[in-house]
Structure formats: C-alpha cells, structure tokens
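Line by line, the protein sequences give chains A and B.
Position 126, counted from 1, in the first sequence is what this note's numbering calls 126; the numbers after and before it change by one each time, with no gaps.
If you want this note's numbering, it's the 1-based position in the second sequence plus 274.
By construction, these hints were calculated from the structure, which means they are not laboratory data.
Honestly, I wouldn't trust all of these hints.
Unchecked claim - Where chain A lies over chain B, by a calculated footprint (3+ residues, C-beta under 8 Å):
(1) 299-312
(2) 375-389
(3) 447-459
(4) 479-493
(5) 500-509
(6) 519-527
(7) 541-555
From a predicted model like this one, the values you see are computed outputs, not experimental measurements.
Beta carbons: idealized from backbone N, C-alpha and C, even for Gly.
These are the residues of each chain, in order.
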Amino acid sequence: MPASLIARRSVVYLLLALAVVIVAFPLVWMAVSALKTDAEIINPAAPLLPAHPEWSNIGRALSQAPFGRWYLNTAIFGVAATAGQLASGLLAGYAFAMLDFPAKRLLFVVALSGLMVPFSAIIVPMSQLLGELHWLNTYQGLIVPNIASALGAFLFRQFFLGTPRELGEAARIDGASELRVFFNVYAPLARPVVAALAIILFLQNWNNFLFPLIVVNTTEMSVLSQGLSVFQSQFTTQYNLIMAASLITIVPVLVVAVAAQRHIIEGITLGALD
Amino acid sequence: MRQRHRTWTLAYAFVAPTVVLTVVFSLIPLAMLLWRSLYGGGVFDASPRFVGLGNYGQMLEEGGGHALGVTGVYTVGFILLTMGVGLGLALLLNSGAPGVARVRAPFVIPLVVPVVATALIWANMFAPQFGLVNRLLRALHLPQADFLSSPGPALVAVLTFGAWQFFGQNVILYVAALKSVPGDVLDAASVDGAGAWRRFAHVQWPMMRRHTLLIWVVTTLTGLQTFTQIYVLTQGGPDGATQTALYYVYNEGFVQFDTGRANAMGVALFLLSLLITITQVWLLGRADRAR
Chain A
1 MPASLIARRS VVYLLLALAV VIVAFPLVWM AVSALKTDAE IINPAAPLLP AHPEWSNIGR
61 ALSQAPFGRW YLNTAIFGVA ATAGQLASGL LAGYAFAMLD FPAKRLLFVV ALSGLMVPFS
121 AIIVPMSQLL GELHWLNTYQ GLIVPNIASA LGAFLFRQFF LGTPRELGEA ARIDGASELR
181 VFFNVYAPLA RPVVAALAII LFLQNWNNFL FPLIVVNTTE MSVLSQGLSV FQSQFTTQYN
241 LIMAASLITI VPVLVVAVAA QRHIIEGITL GALD
Chain B
275 MRQRHRTWTL AYAFVAPTVV LTVVFSLIPL AMLLWRSLYG GGVFDASPRF VGLGNYGQML
335 EEGGGHALGV TGVYTVGFIL LTMGVGLGLA LLLNSGAPGV ARVRAPFVIP LVVPVVATAL
395 IWANMFAPQF GLVNRLLRAL HLPQADFLSS PGPALVAVLT FGAWQFFGQN VILYVAALKS
455 VPGDVLDAAS VDGAGAWRRF AHVQWPMMRR HTLLIWVVTT LTGLQTFTQI YVLTQGGPDG
515 ATQTALYYVY NEGFVQFDTG RANAMGVALF LLSLLITITQ VWLLGRADRA R
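Isolated chain A, as found in the complex (with noise of 0.2 Å):
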C-alpha cells in the first residue's frame, strides 16, 4: 500500500472515530452522572468518574414519578398512531394509484395538503378545536389528529404506480371483488414499505413531545418525554436524579435503534428522497 493511501485512510479513520465519540460522549455523561451521588453530582472538583457507582438512584428515581404510567400512555399513543397512518396511508394511496372515481385529483389535492400545513403553525387553533371536542387531556385527542398522513399516502401511491396492473385484471377475470384484490393481490406486495415506514414512524410518535404537549396537562394522560420534562422541573438541581431519569427513558429507544437500524435508516431515505 502507497504511503500517501494509509495518511488518508488514517485521517478517515480519526474523523470518524471524533464523530462517533461526538455523538456517544453524552450518552456516557448520561450514565456516569447518573451514577453519582449527590454530594458528586454538584462538586465541581470531584472525579469525572463517580467513586462508587450509586446504582439505587435509578430506583429512586422511579419511585418519585409514574414512569410505568407514562410508558403505557406513550406506547397506546405510539401504536394506535402508527396503526392509524399506516393503514389509512395504504387504502389512500392504493385508491389514488389503482382506481378512477370523480373528483380523484381534487381529493389527491385536499390529502396531500396536510403537508403544506406544518402542525406547529396550527397548535393553538388545534387546542382550541380539541378542547371544543372535549378531547383534551384524552387518548383520542392525543391519536386522532395524528392519523391521516400525508407523507404515507403519497409514497404508497408512488408504490402502486409501480406494481402491474395485470395482476388486479387477472384476478378480477378470475371473480374477485374489488376488496379482495386489494387484500389478497396488492396489500401484500406493499409489505417492505409498510416495514421501512413503520418503525420510522412510531419512533416519530414516541418521541413527539409538542403535540402532547399542547393536548394533555395531567401528569397521568402525560408522554414519557412530558413526564420527563416535569420530573426535571421539579428536580432541578438533582442532576443525579434527573440523568437517572432520562438513562430510564433513553435505553429501550437506544436498543429498539441498534436492533433495528437498517429499517430505521431505509425509512429515513423513503421519507425524504423519493
């Protein structure tokens, strides 16, 4: 190997290895702060490193909020949403690319206009209208008006227009309803997209912290990412504490991305370049 080839590949090598413990250095703050003790966490001359790790500060973090309840709330929320745009996604798209029905383009028009309109310019008249609902502080109001995805819409009509059109003939020569060439023909060949696109999006919904936000003000209709935010304003200078806190609700997420990232990165690059 050429000289000058090992001087670049060793300069690739230590970029990366800068952007990588960039991106982990926090994550290990997290844990090793988490681990202090109080008289630690706030000294500004005691070891980086805490003495004797105090693991009990996990444990007593959990018990000065419901972090159980809030878990349950984010998972109904992640799930029923995710479900809810994914399903309705597929029936819109597979319409909008398969059938003819009047006044098609003006209603492809309306659906995809939900993406013209950024949720955070509308969250206070979206308040408003919940709270004529009487869906504040409700399951309801948290998933419902997170359903309708434009974004899923169009890329499973982007999906449709390429599949054949002579595998629906076919079947329909052959006697099959309308929903059953949807259901048994063309529903199961959207299956990797549905996989790229699911996992992308419930990770976009657990973590949603502005819609919560402005729709629940109870601690037991709260997110994780909500409570969270309240334990840390109640525990101010707790750091301890609080890093204990967020270790609690970082680890399941960092797993689920470690195991799953091929999917996550493929959802990523559907959602934005194609």
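Chain A is fixed; fit chain B onto it per the hints.
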C-alpha cells in the same frame, strides 16, 4: 354501471380517512388560524373584536420581529452545520476505507432517542461550574461561561445541541445520494486522471444536486420547527435570545395567553414553510427540465 359504482364506493371509503382527517385536523385549524389572527384579545375575552392586521403589527413590535431574526440565525446555522457535517461524514463513509461503510448506527442514535432526554444531558453538560463544558474550559485555562443564562452563548448552546441531534439524518441521506452516482461515471473520471477532489467537484456534487435540494428542504423545515431543544434548554431565554418563531407561538399562546399575537406568528410560520415548499417545487421542476 353498477359494477363501476361499487368501485367508486370502495375508492371513497379508502380515501375517506385520510381526506376527512386532513380537512378536520389540518385545513380547519388553518382556516381558524388565518381568521382568528385578525381578531384581538386573549383566550379569556368573551367577545373578540376585529382588529385587521393589528395583531401582526403588535406581534412584530412585541418580540415577534426579534424572534423571526433569531429563527433566521438559528436556521442558517443549523443548515450549514448539519449539511456540512452530514456531507463530510458521508464522503468519509463512502471513501472505500475498509470497514467504514457499515458504521452508520452511531449517527442514527441521536436522531431517534427522545429529544427531551438528550436535551437534559446537554443542559447538564452546559451547567455552570460542574458541567462538562466548563470543566473542559477550566482545564484548558480558557474563560468559562454560564452558557444557558447569557444571550450569545445560549444560542450557541441550543444550536450545538440541535445540530448534534439532527446531523445523523443528513449523513444517512448523503450516503444514499452518493450511492446514486453511477460507479462507471466515477471510474471513467478516475481513468481520465481526476483525483478525489475533482471527482467530487465535477462528478458527484453536480449529479447529487437533486438530492441536495431535497435534503436542504427537509433540513430547513426541521430547523424552522425546532422546539423541544429550546423548551428544555432555555425556554426561549435569556431575554428572548433563543426565542424562535415557533417558541414565540407557544409562549404567547400557552403561557401568556395572547392568542392574537400567537396566531399572527403562526401565520408567519405557515407562510415561511409554504415559501420553502414552493421554492422546492420550483427548483425541482427547473432541475428536471435541465436534465
């Protein structure tokens, strides 16, 4: 004919959830936003009165103009950092050095773990005295700062964390973009004696223009809608130094209860996003015609 009608019924049933829910939870709130931005008063006023564009003037004078400025600075910084680092790292991952092509998990992690939790870590690292950043500065005999309570450093801190949280997405997207450049074109350039830099400047970069445009749009919209980072780290402070347009909407609407101003800024945020989307469609159309 009856067969056709049955197909129509099925088609309407299929599109109904998406269309109805989009109308109810996107278009109706948008109409409410536009309409109510013209009426004065807070949420507690029994009879809002028509004030025309009065809310907009008030919004711009009472911190909203400043918030739009902060949004501009933040978003430009966010684009430069995340797209620059994203492209740089993607080139490294694509460099052909053994083993590096598979190293992608570390860049996915900040993107998918809860932002509130990682924001709390960064708040801890930026803390005065015992925070990691100040310990580091002290060790290097550099001046320390109370990052989150001084205006300039607070914006730098929020931007640093925002970029840390998001840059992985641009790494992934640029890796995909680089893969889309055909290998034989690159090989031909190498045969003609083009080095790595010239291959990038004359082959890869021009062939990735469409991708760069799409990445720019997603990055800009993400930057514009940064919220959780600011909510946890600074709550828009100190003195509005990190109050972006979206944080202003939240603060006026849900903390100060001045919905008139909140809605005026909501409209501004909507128009900004719309402008970016229209620019995207226009640029994509131009790029496609050029091909």
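Okay, the hints, checked on the actual structure:
no.	hint	in the structure
1	299-312	holds (count 9)
2	375-389	holds (count 13)
3	447-459	holds (count 3)
4	479-493	holds (count 4)
5	500-509	holds (count 4)
6	519-527	holds (count 4)
7	541-555	holds (count 6)
Consistency with the previously given hints is maintained throughout, with no hint failing.
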